[in-house]
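Starting from the known structure of chain R, fit chain A onto it as the hints suggest.
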Amino acid sequence: MTFNIDFLAWRKIAIIFSSIFLVVSIGSVIFKELNWGLDFTGGTLVELSYPEEANISVIRDTLINGGFEGAQVANFGSTREVLIKLPGTVSDSLGSEIVTLLGSNNADQIDLRRIEYVGPQIGSELRDDGGTAMLLALAFMMLYIAFRFQSMFAGAAVIALIHDVIIVVGIFSLIQIEFDLTVVAAVLAVIGYSLNDTIVVSDRIRENLRSAESDDTKDIINMSLNQTLGRTLITSLTTLLVLFSLFFLGGELIKNFALALIFGVVIGTYSSIYIAANALLIMGLNKDHLRVEEPENADDNPLP
Amino acid sequence: MRRYGIWKYLLILLVLGFGVVYSLPNLYAPDPAVQISYTSSSQSADSFLAERVEEVIKDQNISTTIQLEEDYVLIRTDTYQNQLKLKDLLSRNLVNDVVIALNLAPTTPKWLMDIGANPMKLGLDLRGGVHFLMQVDTETAIKNRQNGTLQDLRIRFREEKIRYNQALVQGDSSILLKFNNLESKEKAEEFINDNYTQFNLPLISNEINSLELSLSDLEIEQIESDAIDQNLTTLRNRVNELGVSEPIVQRQGKKRIVVQLPGIQDTAEAKNILGKTATLEFHLEAQMDTPRSRKTSYPYRNGLGAPAFLQDSIILGGDQVATAQASFDENGLPQVNITLDGEGGSKMHRATRGNIGKRLGVLFVEQKTRTVYERDIEGKQVPVQESYEVKEIISLATIRAALGTTFRITGLDSPSESSELALLLRAGALAAPMTFVEERTVGPSLGADNIQAGIFSMQLGLLLVLGFILFYYRIFGIAASLALTFNIVLLVAIMSILSATLTLPGIAGIVLTVGMAVDANVLIFSRIREELKRGREPLDAIDAGYNRAFLTIWDANVTTLIVAVILLSYGTGPVKGFAITLSIGIITSMFTAIMGTRAFVNLVYGSKKNLERISI
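One line per chain: the protein sequences are R and A, in this order. Residue 5 is where the first sequence starts when you use the numbering used here, and the numbers rise one by one after that. Residue 471 is where the second sequence starts when you use the numbering used here, and the numbers rise one by one after that.
Worth double-checking, as some hints may not be accurate.
[Said to hold, decoys possible] Once the Cα atoms are required to be at most 25 Å apart in a straight line, the calculated DSS-like pairs of lysine-lysine come out as:
#	chain 1	residue 1	chain 2	residue 2
1	R	K259	A	K591
2	A	K850	R	K36
3	A	K850	R	K222
Derived by calculation from the structure, the hints in this document are not laboratory data.
Just chain R, same shape as in the assembly (with noise of 0.2 Å):
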């Protein structure tokens, strides 16, 4: 595949493009703040299979009358499945009681899928690990490019994957997915995966700026997106086409990672060229800020 696009020609709409996500984003975080799962929240979910399609409103009824308020019940996966969640709730035993309540009626035929508790300590332990480790997570990848690479570049990427986190984060908000930690570990993922990209263009930017003969930053990091632009494309559709393996067949506990990852890729795949790239152009890259540096040669390197 060749490519001869001029992809910085779009650089100022992108521009406008991205913030306009990122206001959205971040305004539905604050008003309309995440759908969050119970690993954060606390408390307790029940899920249960019936033999025969389940009558949603009869449970709840019967939950009602046994005493469970606050009980939300819902299909999970298919109309069998029932959902029972109870958010917030400190009691470690009530799981057990709703499977027997439920049970009294219809004897043995309920098949206890699982039941989860979370305490409420857990749920801010949880909330507050998640929170470090993506803090963590930033901060590593800042140190290893600005070492490997240069502060430029490092500036630039953390900027590509700030705006990965916030829209990844800012989607699942606006159509409340729910957000537990599954999703934590794949947002994770998505900055592992959005940097994969940005190094493989920053590395080629680095290249050409050091061989090529004219000056112009732009016209550089132009050919350089165009000469990584088939490499993009394929492992996105590579990885893509895993992912949509897992949301069709993974099962209900991994749909909403699986989900995650394939919102993060398409975004992460954009901000490498539009973000990442765009951001070492306005922050004026130029040829000299490498010339301090020993040139690299890779050619020289031993095979492994």
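Okay, now just chain A, sitting in the frame of chain R:
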């Protein structure tokens, strides 16, 4: 010159062989099995036990093989229904000195086991079971310790003739002593300084004739870690009594304990046994002349009879019980036969010898937790778990003769209560109460579904990616496809050797690795195409492609690895499983995608001179 060094081929073959052999055990599906061991841990399974098992199941129409292992007798069968049938049958027919547990017995051939090749462990989300996280209430342990010290102080002060007005344990677990005069106070201070090392020095005196004894940080740390250690031991004993194969009981962080019980379905029962802090205390009945400050009134556990006064001093506690067995007395009422350890026996003998004709009370002590609502700083009602103690009399019987190391306790409500009490006494008491802060139970059907879903999505993902790269890169696509398949084999082999646990997010990590590992090859192949376009000779282009892409691949993979390591150290449960497979997958993919494909490409093209075109 273009040939790849022979040692590189040998290395690749070696790693490939190693990968295949060590991932092989995962292809053998485990047998559903039942394992039987003796209740007492000192008695290991013997052929006698195996014969008894054989006796019970020989006339049943269930296909089984009985094996005598080191600690238990293993009965393999063919289906999960038969497994449950067997367990039911055995628990009805074997007397109560054995523990019966469900198990999944690996069917790894002997030659593989001899070289240490074992299948991966499956996480609870794949095999079903329950995960508990318990928080140890160490404050109660500290308070208990201070109460013990206080009792001791009272006795020692009496011996030393130090007079005091008041002695009690305050809210913050410090001991407050009040004296009549300065002289007593100074005498006490000196005595404490000489005989007790656990307090913060100098002793604080807020009021003129008082002393406050607060524990030093070092001592508090010691008490906390002792409490957790004892709770761990006790929990292990209790888990063994429950009959679970391959349980995990582990400390996590400062104050928490993780318990994982694969295959357990009745979580209410498991929780009841694990979390119980019931123990016994033996007290003499208070006499008319016992001062009010040295006796307490307790209700009866069965609710019958008026509350009775017992002396505050304890003859001995449940920790001095060596064994306990539930049985029935001559009237068919439940009882617990108790054997004390040597020290307990002599304490009991001393205490009862001089008090024949008086009554001995057996006190049932249980720590319970309840939810109370408190106002936080913002004035919001927040639920808080609070522990409290329940003490009830289970029997109060006249001492007819001095007691020794063995005796029995009656007055229990039901056979289930007597067997539970016996179990708790055998397994030992918890040093501090615990609350369940997290529970995750996965039923067996969901576990099986998760495995199915994981395997399906992995198959489809792999198929799609292989299809695409074969179509897009032809001969080089074959190299990449082989590398990708080889990568999964290697990943599974390493997981198996590390005996890492495979979870559903772990499978997702493998699937994601499949998608991302191709990136290395895409980078190399794109570069080769570029070099070809620039007019390089095919073999030169291959060289340049591999050389130039290497650093990029390295940088890109290191950053993903950093993320995986952060996940590994910050994540819990599901997230960890994902991080493990992701990090191993990244490392193995570097090897397969670079060295593996290079070897293949050189094998195909390397020996050809004047190569004109390559299929990429």
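Here's how the hints hold up against the structure:
1. Simply put, K259(R) and K591(A) have alpha-carbon atoms about 24 Å apart, close enough for the 25 Å limit, and the pair holds.
2. Our distance criterion of 25 Å between C-alpha atoms is met by K850(A) and K36(R), whose separation comes to about 22 Å.
3. Proximity of K850(A) to K222(R) is assessed by CA-CA distance (about 57 Å); at most 25 Å being required, the pair is judged violated.
When each numbered hint is compared with the structure, a violation occurs for hint 3 only.
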